[in-house]
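Undergrad: Residue strings, one per chain:
2 protein chains.
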Amino acid sequence: MKNQFRLAVCQMMVVDNKDSNIVKAVSMIGNSAKNKADIVVLPEMFNCPYDNFKFMEYAERGEDSKTLKAISKAARESGVYVIAGSIPETEGDKLYNSSFIFDRNGEIIGLHRKMHLFDINIPEKITFKESDTLTAGNQVTTVDTEFCKIGVVICYDMRFPELFRLMTLKGAKLIGIPGAFNMITGPVHWKTLIRARAIDNQVFIVAASPARNEGLSYVAYGNSMVVDPWGDMLARAGEKEEIIYADINLSRVDEVRNELPLLKNRRTDIYDMIEK
Amino acid sequence: MKNQFRLAVCQMMVVDNKDSNIVKAVSMIGNSAKNKADIVVLPEMFNCPYDNFKFMEYAERGEDSKTLKAISKAARESGVYVIAGSIPETEGDKLYNSSFIFDRNGEIIGLHRKMHLFDINIPEKITFKESDTLTAGNQVTTVDTEFCKIGVVICYDMRFPELFRLMTLKGAKLIGIPGAFNMITGPVHWKTLIRARAIDNQVFIVAASPARNEGLSYVAYGNSMVVDPWGDMLARAGEKEEIIYADINLSRVDEVRNELPLLKNRRTDIYDMIEK
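These protein sequence lines map, in sequence, to chains X and Z. Its first residue numbered 0, the first sequence is counted upward by one per residue in numbering that gives the first Met the number 0. Its first residue numbered 0, the second sequence is counted upward by one per residue in numbering that gives the first Met the number 0.
Don't read these hints as lab results, they were simulated from the structure. A portion of the hints provided could be inaccurate.
Estimated spans, in silico, between C-beta atoms of each pair [unchecked claim]:
| # | chain 1 | residue 1 | chain 2 | residue 2 | range |
| --- | --- | --- | --- | --- | --- |
| 1 | Z | 235 | X | 122 | 26 to 36 Å |
| 2 | X | 273 | Z | 248 | 29 to 39 Å |
| 3 | Z | 214 | X | 29 | 52 to 62 Å |
| 4 | Z | 235 | X | 168 | 30 to 40 Å |
| 5 | X | 35 | Z | 55 | 52 to 62 Å |
| 6 | X | 257 | Z | 214 | 28 to 38 Å |
To be clear about the criterion: a stretch of chain X counts as covered by chain Z if any three or more of its residues have a C-beta under 8 Å from a C-beta of chain Z, and this derived list gives those stretches [claimed, not checked]:
| # | stretch |
| --- | --- |
| 7 | 1 to 8 |
| 8 | 90 to 98 |
| 9 | 166 to 177 |
Cβ atoms here follow ideal geometry from the backbone N, Cα and C, with glycine treated the same way.
The following block holds chain X by itself, in its conformation from the complex:
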C-alpha cells in the first residue's frame, strides 16, 4: 500500500439551491485534483442548507440521486477518491444524513449514515432536533483504499469516543468527519474534540465544515482542519470558502504509536469497547 497522499478539504459555501451546490462541489473537486489531491473531502450537507425542512425538500434516493451521479463523474474524471460529505438520502419512507465514499473510478465504496442524531436545546442560544426528520444509521463505517483503511463519521457522531475507538480497532488510520458545528458549539468544542480524537487514537483526522453562511438559519462554524496522530494541526481553514490541503505520511501513525504505545497500553483485562 502507498504510504503518502495528499488530502484536500473543500470548505464549500453551501447555499439554498441544490444545483448551485452541486456545481460548486464538482468545481472544487476538479481544483483539488489539479492541485494533486488524492482524496477530496466535502462537508456535511454539502448540497442542502442545514435545516429539517430543507432536508425533506432536497432529499434524493441513492439509486437516482443527481448529486451522487455528479460527484461520481467528478471523481472518475479527476481520478480522485471523494468522501462526499453528506446529503439528505431517502430509502423507503426513511430519511438519512448520509456520506457516500467514491473511489478514483467514481464507484461507491462505502456509505455512512449518521448514527447519532443531533438534538440540542440551549435556551435562547440554539435549538435543533434532527430526530424530528432523520433516522439514524446503525453501522460503524470503515472503507478500504489504496492507502489505508479510512473511517467515516458525521458531525454529532464525533462526540462519541466509543465510535472512534471502534474504527481505530478495525484498523482505520485516517478518519473523515464531514461536520457542521455551529457558532455556539464550534468555538468551544470543535477543535478540542477533533484533536483529542486524533491524540487518543493516534490517527489522522480530517474534518470538513461548510463555510460560514450568515444568510442561512443554521450558521456553520467553518474551521475545517486536518490533524495528525500527535494532535498537530496540519491545515486549518478560516470561516470563508476555501480548499485546504495536507500531505499525509502514514508512517507517522506507526511512529507515534511506537513512541507512546497507547493502544497497546489499554487495559482490556479491566474494560473493553465492544461492538454488538
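Fit chain Z to the given chain X structure using the hints.
TA: What follows is chain Z alone, placed relative to chain X:
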C-alpha cells in the same frame, strides 16, 4: 446532598526531600481550608520527585506511611476532603503509584492505584518507563462524598477515554486527575485531553500538577486546572507554585446534560463500554 462546594488545587513545588514535601502539602491544605475550600487536591507524586529510583527510595507502606498520617491529620484538623495526589506505595514486594482520598475526618475513603503505566520513548526528547519499577492497579475508582460521587485517575490514566466513560456511568460528576505531564506532552496534550474528557462526559474535571521544577530530572508542565461540564475553564495555574480555587455548582452537570443529551444519545444498541 449539597450541590455546591469549593475546590482547591495545590500546585506544589515538589523537591527532592520527603519531609519538606510533606510540610509543604500540609501547609497548602491549611491555607486552602482558610480560603473556605471543601475539597483539596494535591498533585501526582507530591512527596517524591518523578523518577524511578526516587519512587523506590521514597516508597512507604500504606499502614505506616508518615506521609499519609500527616495528610490525614491535616484533613481532620482543617475539616476538608483531600484527594492526596499520589505517592509511591509499597504492598508486599509491589510498588504502586497510589492516590489516597480522605474525608473531613481524615479517614481514608478511597484508593486509586494508577492502572495505566507510563512508558514513553521519543528519541532525543523524553524517555520514561514506569513499568520498570511500578505495578499497575486494577480498579476503576469512584468514592462517595457529601456532594457527589468523585472519580479518581492518575496522569497517564487520563489518556484512556474508556476509563472516563466508566467512571461517568458509575455516577461520578467530578473527576480528579493528579498528573505530571512533562514539557514535551504538556504543551500539546494536557489541556486538550482534560477539556475533551469534561466535554464528552459532561462532568467537572480537576487536574493537579506539580509546579515546574527545572532542577529535577523530570520537569512537570504545571498548568493545573478546573474545567466545567461544557469545557469552560474555571481556574488555571501557570508554571509556579500556587493554589487555585473554583466554586463548583453541580447543577451545571444536569443543565449541560439536558441541553445536549450526550449520555442519553449513546448508541448502546451498537456498541458499549464494558467493565470486566
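Undergrad: Taking the hints in turn, state whether each one holds.
TA: Each hint tested on the structure:
For the pair residue 235 of chain Z and residue 122 of chain X, the supplied restraint of 26 to 36 Å holds, since their beta-carbon distance comes to about 28 Å. Look at residue 273 of chain X against residue 248 of chain Z: about 35 Å separates their beta carbons, and that is inside 29 to 39 Å. For the hinted restraint 52 to 62 Å between residue 214 of chain Z and residue 29 of chain X, the CB-CB distance of approximately 59 Å keeps it satisfied. Separated by about 34 Å at the C-beta atoms, residue 235 of chain Z and residue 168 of chain X satisfy the suggested range of 30 to 40 Å.
Between residue 35 of chain X and residue 55 of chain Z the beta carbon distance is about 55 Å. The supplied range of 52 to 62 Å therefore holds. In this structure the supplied range 28 to 38 Å holds for residue 257 of chain X paired with residue 214 of chain Z, their Cβ-Cβ distance being about 31 Å. Look at the stretch 1 to 8 of chain X against chain Z: 0 of its residues bring a Cβ nearer than 8 Å to a Cβ of that chain, fewer than three, so the hint is violated. Against chain Z, the stretch 90 to 98 of chain X contributes 0 residues with a C-beta closer than 8 Å to a partner C-beta. That does not satisfy the three-residue criterion, and the hint is violated.
With 0 residues having a beta carbon nearer than 8 Å to a beta carbon of chain Z, the stretch 166 to 177 of chain X misses the requirement of three or more and the stated coverage is violated.
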